[in-house]
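Trainee: Position one of the sequence shown corresponds to residue 1 (the UniProt record's numbering), numbered consecutively onward.
Source of the hints: derived by calculation from the structure; they are not laboratory data. Built from N, CA and C at the ideal position, the CB exists for glycine as well. Just to be clear, a hint being listed does not mean it is correct.
[As the list claims (entries may be wrong)] Label-pair ranges, simulated between beta-carbon atoms: (1) 44 with 176: 36 to 44 Å; (2) 168 with 96: 18 to 26 Å; (3) 146 with 43: 36 to 44 Å.
[Claimed, not checked] The calculated DMTMM-like cross-link candidates involving lysine to aspartate or glutamate, where the alpha carbons are at most 20 Å apart (straight line), are: (4) 24 with 145; (5) 24 with 93; (6) 24 with 114; (7) 24 with 142; (8) 178 with 71; (9) 67 with 20.
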Amino acid sequence: MSTLTDRPGTALLVIDVQNDVVAKAHDRDAVVANIRSLVDKARAADVRVVWVQHSHDQMTQGSEGWKYVPELVREDSEPLVHKTFGDAFEGTDLEDVLASGGVGGLVVTGAETDACIRSTIHGAFTRGYDVTLVGDAHTTNDNSEWGAPPPEQVIAHTNLYWQFQDGPGRTAAVTETKDVTFD
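Construct the entire structure; sequences and hints are all you get.
Mentor: Encoded structure:
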């Protein structure tokens with residue numbers, strides 16, 4: 001399993017499902033519903049839910065756009081990691097939060113697929129975590145006017161290549177919300 005052999009736990013990461021980030025995201029409502037389902041499953045199984053929240057000059061902390069979507073409510077006991085880079089590990093206390101919970105495996109959800117999701121799954125894998133991307137619980141916006149493929153292709157491509165990610169002592173996987181269990 002994980003190269004973090006003294007950390008057998010798993011955590012659900014909910015990355016940047018904030019009002020401004022997902023306002024016009026591809027399949028927004030279905031993705032948010034899937035994430036909510038995963039949060040409920042994790043809580044029922046007593047699995048740590050870690051919330052990640054991005055800020056920058058146009059989305060300042062405390063603004064309406066910066067807040068998590070109303071369908072997803074963090075419990076006070078659940079860690080909140082503030083970030084300003086794509087990779088949720090860069091310049092944050094995420095590693096400390098996960099280490100304190102004995103977490104070596106991550107189940108990843110959120111936005112945006114081609115930015116913070118991709119950066120974080122690679123960052124986690126490089127740091128020794130087992131990383132499962134929930135294929136129907138991440139989304140992105142349409143960035144095709146800047147040369148990106150349409151959002152459904154970005155999501156499909158990320159799901160495709162992540163299932164073949166490989167490294168010694170670590171696993172990478174893609175699964176669907178309905179197949180996630182926190183046993």
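Trainee: Hints first: check each against the structure and report whether it holds.
Mentor: Verification of the hints:
1. 44 with 176: 36 to 44 Å: Violated: the Cβ-Cβ distance is about 18 Å, outside 36 to 44 Å.
2. 168 with 96: 18 to 26 Å: Between residue 168 and residue 96, where Cβ atoms are some 25 Å apart, the hint holds.
3. 146 with 43: 36 to 44 Å: holds, 38 Å
4. 24 with 145: Holds: residue 24 and residue 145 sit about 15 Å apart, inside 20 Å.
5. 24 with 93: Not OK: residue 24 and residue 93 at ~29 Å, beyond 20 Å, violated.
6. 24 with 114: holds, 15 Å
7. 24 with 142: Between residue 24 and residue 142 the Cα gap is close to 8 Å, so the pair holds against 20 Å.
8. 178 with 71: holds, 19 Å
9. 67 with 20: This hinted pair holds, its Cα atoms lying about 8 Å apart.
The structure shown violates the earlier hints numbered 1 and 5.
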